[in-house]
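**Student:** Construct the complete structure from the given sequences, taking the supplied hints into account.
In numbering that gives the first Met the number 0, the protein residues as written are 0 to 277.
Among these hints, one or two may not hold up.
Label pairs and their computed distance ranges (CB to CB) [stated by the list, open to error]:
#1 I157 to H196: 19 to 27 Å
#2 A101 to G67: 26 to 34 Å
#3 S246 to D50: 50 to 58 Å
#4 C255 to R184: 21 to 29 Å
#5 R105 to N274: 17 to 25 Å
#6 E253 to E152: 29 to 37 Å
These are computed hints drawn from the structure, not numbers from a lab.
For glycine and all other residues, C-beta sits at the position ideal for the given N, C-alpha and C.
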Amino acid sequence: MMSVGALVHAGAATLGSAAEARTLLAHAAGVDTSRLELLDGVDSSVRAEFDALVERRLAGEPLQYLTGGVGFRTVEVSVGPGVFIPRPETEVMTGWAIAALAELERPIVVELCAGSGAISLAIAAERPGCRQFAVELSGEAAAYAAENLAATEVDLRIGDMAGAFAELDGQVDLVIANPPYVPLRERQLVGADVVAHEPELAVFSGHDGLDALKVVAVTAARLLRPGGVVCAEHAESHAADVVALFSSCGDFVEVCDHHDLTDRPRFVSAVRAQNLAG
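**Tutor:** And the structure:
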């Protein structure tokens, strides 16, 4: 048997992070991180598993892929190769959306670019009673979303967001999206772990990063009722461009940008304008 402290110390020395070492050791031992110190020690099989995980992390595999999960607001989300890992920044936008839904009776909510389904899962947990729909283009990512949303009533579909949920046109209260938005011109600024392991489809979106956001704007305008709201995450480098995108199309009013936990511009919100036709 080897002590937990000694293994965490060794892992931290290799990885440069005691927190990551603790997370990997807890995963190898099959216990919650908070209960790690309650173990008298670990046997050789756990140590071997821990050593293997440390080597994979050192080689660049995302910590969340190694453990198979990540916390997002009040829920735990299953992730792995083929799906984008939910970030803390997105928790802020999700909280804003949940607050926007507070006074509505059985609101209709659509998530575009759903990925792992983390946003929809958090809304289902924190704002029960919504009629929820989600769409994801990638079959690999949608498999994780299906697993994560299995205990909910979210209507998950695989396909392009551009034509999704035509039966809901003009009826939706909230459209929310964390689309791919990193400009290809900024590829060299993205972490090596992300480029090597996370799906490019979920990260990059054209030279200026706006390709998917343009589709989000058009799709939200189609789906939302007058007075309904859209919120969409974006890169900090093109906040002004995203605000201009939603402001200039003529379909939205009250276009606002919002900051994330690090006080950087991170998501836009807008209200669907009244239909002036006729």
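**Student:** Indicate, hint by hint, whether the structure satisfies it.
**Tutor:** Going down the list of hints, with the structure as the test:
1. I157 to H196: 19 to 27 Å: holds (22 Å)
2. A101 to G67: 26 to 34 Å: Cβ of A101 to Cβ of G67: about 33 Å, so the range 26 to 34 Å holds.
3. S246 to D50: 50 to 58 Å: holds (54 Å)
4. C255 to R184: 21 to 29 Å: Taking Cβ atoms as reference, C255 and R184 lie about 26 Å apart, which means the hint holds.
5. R105 to N274: 17 to 25 Å: holds (23 Å)
6. E253 to E152: 29 to 37 Å: holds (30 Å)
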